[in-house]
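Asker: Work out the full structure: start from the sequences and follow the hints.
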Amino acid sequence: MEKSKDKRRPPFKKVVKKSCLTFWAMAPLLLGTIGLVGLFQVLVSPEMLATLFHNNPWVDTLIGTLSGAAAAGNPVVSYLLGGELLQQGVSLYAVSAFILSWVTLGFIQLPAEASILGARFTFYRNILAFFFTMIIAVITTLTLRLFI
Amino acid sequence: MKKQPEKPFAFRGKLFFATVFIGYSIFAFLNFSGAIAALQKSGMILFKILPILAVVILMTATINFFLQPKQIVKHLGKESGAKGWFAMLLAGVISHGPMYAWYPLIDDLRRHGMRDGLIVVFFYARAIKIPLLPMMIDYFGLLFTLILSCYILLGAIIQGLMLEKLPRSYIR
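Protein chains in written order, with the numbering used here: chain D, 132 to 279; chain F, 243 to 414.
Just so you know, not all the hints are guaranteed correct.
For lysine-lysine, the following BS3-like pairs were computed, each having C-alpha atoms within a straight-line distance of at most 27 Å [as the list claims (entries may be wrong)]:
(1) D/Lys148 - F/Lys316
(2) D/Lys149 - F/Lys316
(3) F/Lys256 - D/Lys148
(4) F/Lys407 - F/Lys320
(5) F/Lys290 - D/Lys148
(6) D/Lys144 - F/Lys290
(7) F/Lys371 - F/Lys325
(8) D/Lys145 - F/Lys312
(9) F/Lys283 - F/Lys256
(10) F/Lys316 - D/Lys145
(11) D/Lys144 - F/Lys312
If you are wondering where the hints come from, they were derived from the structure by calculation, not from laboratory data.
Answerer: Written as structure tokens, this is what we have:
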């Protein structure tokens, strides 16, 4: 039985080749997304994003979520910037939303996500992630206040 | 049994790539040095994620080699149960690199029967970055990091469950 199962299994080399082809087929999408990230990093600096905050905790939470989603780059940058924003008096609600949406949402990768996983799925996933990012940012700060 | 014909090879996202290319061309016309800087940054990003892509390709191949579609359905499909949710939370937490590097693998698993709720779990759990936890603790404190991480995991599961409440025709 096992033997017949193994007989049906294609050689590993062939499976790797098939996977490579799958990725190669998606190369325009991946390269386009990477190109967009590079373009965005030059056009929109983290400092520009920091100027969007207005010291209103609720509005800033929304701004934090949107700017984090619009930003691109290594999450380390979001921590550095988040730390700076906290020192400037921006609320922890907003900073939490900012660092969370930086990694869970991404306007730049939406075309690639929609093309690969489908527009409807991408729409619902991002809507859910958007609201949950704000909810988690708020309840994290509220929970933290119970302890401090 | 009849062998299913293989899909012919075709590039995906050609129009998107062309749009980005046109965007670069316009930007280069307006600000040549800026366009070169953006191109350099993109090159650096590509160079950084190449090893991650290699790992993802190898993972895709390994999964396809060892797991038959039936087994994928068993572990990540409707019958997967708590084990499937836990596996995707863990996979999300330990996965590295940008989200888009994982799209092809997720697409492949989905075609083999992975449930949509688990994809949502995977992508949201990626908010926890194990190598960056010490830095997060340093900037925001241990308590903040712990609370946020717990809520991320919980939020990921709730989002997955919520997505699965939607009719399949709404999602696919």
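Asker: Tell me, in ascending order, the numbers of any earlier hints that this structure violates.
Answerer: No numbers; nothing is violated.
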